[in-house]
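K.L.:
Given chain A, put chain B in place with the hints provided.
This is what each chain is made of:
2 protein chains.
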Amino acid sequence: MSCKVVLAQNISAQYRDELKNTIKARGIRPKLVGFLANDDPAAGKYAEWTAKTCAETGVEFELRKCSRNDLEDKIVEANEDTNVHGIMVYYPVFGDRQDQYLQNVVSVAKDVEGLHHKYVYNMYHNIRFLDDAHAKKCILPCTPLGIVKVMEYVGVYNPILPYGNRLHGRVVCVINRSEIVGRPLAALLANDGAKVYSVDINGIQEFHRGVGLQLKRHEVSETTLKVEDVLPLSDVVITGVPTPNYKVDSSKIKDGAVCINFSTFKNFDGEEIKKKASIYVPAVGKVTVAMLERNLVRLYDYQTQGTSTTA
Amino acid sequence: MSCKVVLAQNISAQYRDELKNTIKARGIRPKLVGFLANDDPAAGKYAEWTAKTCAETGVEFELRKCSRNDLEDKIVEANEDTNVHGIMVYYPVFGDRQDQYLQNVVSVAKDVEGLHHKYVYNMYHNIRFLDDAHAKKCILPCTPLGIVKVMEYVGVYNPILPYGNRLHGRVVCVINRSEIVGRPLAALLANDGAKVYSVDINGIQEFHRGVGLQLKRHEVSETTLKVEDVLPLSDVVITGVPTPNYKVDSSKIKDGAVCINFSTFKNFDGEEIKKKASIYVPAVGKVTVAMLERNLVRLYDYQTQGTSTTA
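Residue numbers (UniProt numbering), protein chains in the order written: chain A, 1 to 311; chain B, 1 to 311.
Just chain A, same shape as in the assembly:
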């Protein structure tokens, strides 16, 4: 079998080591506060996991539980507390609209998840810095950013091309177009030069920067293509379908494709995909958490130094 299976822990290791060394060498103690205002056992698990990995790298993590009606005040309190450097919320709390409102209550300066409108706007518009001097990079949402790092690690990004264009020539299929991961991911990849087929149950959109990357940021075109049309065209297939029964049709995947799953369910048939893919990444969670901590250190630096050396 020629397929190389790459585990998230091998990818995250370099980032975690770097974080640990940085925190230790500089003698800093960045503090992250997580707000849990729901009874979702998955959120509770994620909070436990965050606590564990933060402890390993030297980040101070405090989980604050509250009722959903108290959450807004608690966030404002943390915004104003100079001992807190990063804030995250375990969503969903209310549901779409009010949760989106809460995302904008979190201070831009402390938003480790990159969910504030300013970051979301900048990401979609391919604006990569907060300041004109380009000293402060924007915060990107952790899962899409983690998937970018996975794609760098497995060689999909071409480092010989200029920063910002390193996916030029790559065709990527993203099966999931949620506002949390799929749509921002498609935009990030297209902004980096890929042609992206963004798939959801309503159809397929194409995110791209035009022939020869003539556009500075991506645009979106509607297509009438089906999944079975775009899979054979795709160098990279990324799945995030949150149901146990969904499986991508391996027979349609291009021989030698790179396949990445970010769903908590296995969207690829483990045996079949290894017959077709050159590289298979079955999960990305550990890279996501490393990115959360990385965003925290970046924001810590902005708050204390006005810039950051985190690359």
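Calculated directly from the structure, the hints in this document are not laboratory data. Heads up, a few of these hints could be off.
Copies of one chain are not kept apart here, so a pair can be met inside one copy or by any two copies together.
Derived lysine to any residue pairs resembling SDA-like cross-links, with alpha carbons at most 25 Å apart [as the list claims (entries may be wrong)]: (1) Lys4 / Pro162; (2) Lys24 / Lys136; (3) Lys20 / Ser263; (4) Lys286 / Glu179; (5) Lys31 / Glu80; (6) Lys252 / Glu206; (7) Lys252 / Gly212; (8) Lys275 / His125; (9) Lys275 / Ile127; (10) Lys275 / Glu219; (11) Lys252 / Pro232; (12) Lys137 / Asp73; (13) Lys4 / Tyr153; (14) Lys252 / Leu225; (15) Lys252 / Ser221; (16) Lys216 / Thr82; (17) Lys45 / Ser250.
P.N.:
Here is chain B on its own, set in the frame of chain A:
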């Protein structure tokens, strides 16, 4: 314009520096003899250029001119001379068959061009070492090897995949199927895991190792495809058409493709290709000469040490 133009001199620099440093540090003086037995002004130019670049890296180069009827005896003499470490011949001398005979007269131990039947056979059969202990890598022909190095440099080879499979998932179109460059190149790339469309005026063949690289070495299938069918499918387009008027149809090339020309004529329209390609390599000659010298140092080591540290 988002296309990155990569010049051969930038790619060859690392190999030339490495050669120069190795030769100096080890205090060795490998000797290459080139035989010129024709009046072709291009061969004379190539001989001058070889002499110049050898002088720069510390290789001793001696050009020996003779009549074509004396050539065989002169090669045998050089084969037996322990002061000569590498031998090359400026072809054509007679024409196809007798030249191929002369290629096998050059000792395997001194064949810097990798044209001896043993090397050619091993290359087509994906046999990478001369010995069971894997201490002695086979010599590969200089231009195909140079193009492999160009493809490594510009990021087409994926270093995260195992050695020997690093082109898995890449589709390459090679326009030229000569025995000197095009056919060996198609075989090398397919042996490394690519799907290769090998184009000549008689049609297109596909070189590949099957789905999931199930074959240990490439096989060749005939196709009824045309150039206009395979260009849009190809991540990499490599041209070597030796006529001034031939140009690839840029409009058919996949957006973001890597385009490499090894012909002495410009087979890509320089302006048009920059609108489509992510990377354009207009010539490879300097990398070819670096590979010639690299092969020489490798053979020098085999003759003097039985193995080589040249990677």
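K.L.:
Work down the list of hints and note, for each, if the structure agrees.
P.N.:
Do the hints match the structure? See the list:
Taking identical chains as interchangeable, the C-alpha atoms of Lys4 and Pro162 lie at most 25 Å apart only when they sit on different chains, with a minimum of 8 Å there against 27 Å within one chain. In this assembly of identical chains, Lys24 and Lys136 lie within 25 Å of each other by CA distance solely inside one copy; the values are 23 Å within and 46 Å between copies. In the homo-oligomer, the alpha carbons of Lys20 and Ser263 never lie at most 25 Å apart, since the shortest distance is 28 Å inside one protomer and 52 Å across protomers. For the identical chains of this complex, Lys286 and Glu179 are intra-copy neighbours only, at 21 Å inside a copy versus 50 Å across copies, given an alpha-carbon limit of 25 Å.
Taking the closest pair of Cα atoms, Lys31 and Glu80 come within 25 Å of each other only inside a single copy of the chain (14 Å); across copies the shortest separation is 75 Å, beyond that limit. For a Cα distance limit of 25 Å, the shortest separation of Lys252 from Glu206 qualifies both inside one copy, at 19 Å, and across copies, at 20 Å. For a Cα distance limit of 25 Å, the shortest separation of Lys252 from Gly212 across copies, 13 Å, qualifies, whereas the shortest one inside one copy, 28 Å, does not. Taking the shortest alpha-carbon separations for Lys275 and His125, only the inter-copy value of 23 Å comes in at or below 25 Å, while the best intra-copy value is 38 Å.
Taking the shortest alpha-carbon separations for Lys275 and Ile127, only the inter-copy value of 24 Å comes in at or below 25 Å, while the best intra-copy value is 40 Å. For a Cα distance limit of 25 Å, the shortest separation of Lys275 from Glu219 across copies, 18 Å, qualifies, whereas the shortest one inside one copy, 34 Å, does not. Taking the closest pair of Cα atoms, Lys252 and Pro232 come within 25 Å of each other both inside a single copy (6 Å) and across two copies (19 Å). Taking the closest pair of Cα atoms, Lys137 and Asp73 never come within 25 Å of each other, the shortest separation being 28 Å inside a single copy and 69 Å across copies.
For a Cα distance limit of 25 Å, the shortest separation of Lys4 from Tyr153 qualifies both inside one copy, at 13 Å, and across copies, at 22 Å. Taking the closest pair of Cα atoms, Lys252 and Leu225 come within 25 Å of each other both inside a single copy (14 Å) and across two copies (21 Å). For the identical chains of this complex, Lys252 and Ser221 are neighbours both inside a copy (23 Å) and across copies (21 Å), given an alpha-carbon limit of 25 Å. Neither within a single protomer nor between protomers do Lys216 and Thr82 lie at most 25 Å apart by alpha-carbon distance, with minima of 37 Å and 62 Å respectively.
For the homomeric pair Lys45 and Ser250, neither the shortest alpha-carbon distance inside one copy (31 Å) nor that between copies (53 Å) is at most 25 Å.
Violated hints for the displayed structure, listed by number in ascending order: 3, 12, 16, 17.
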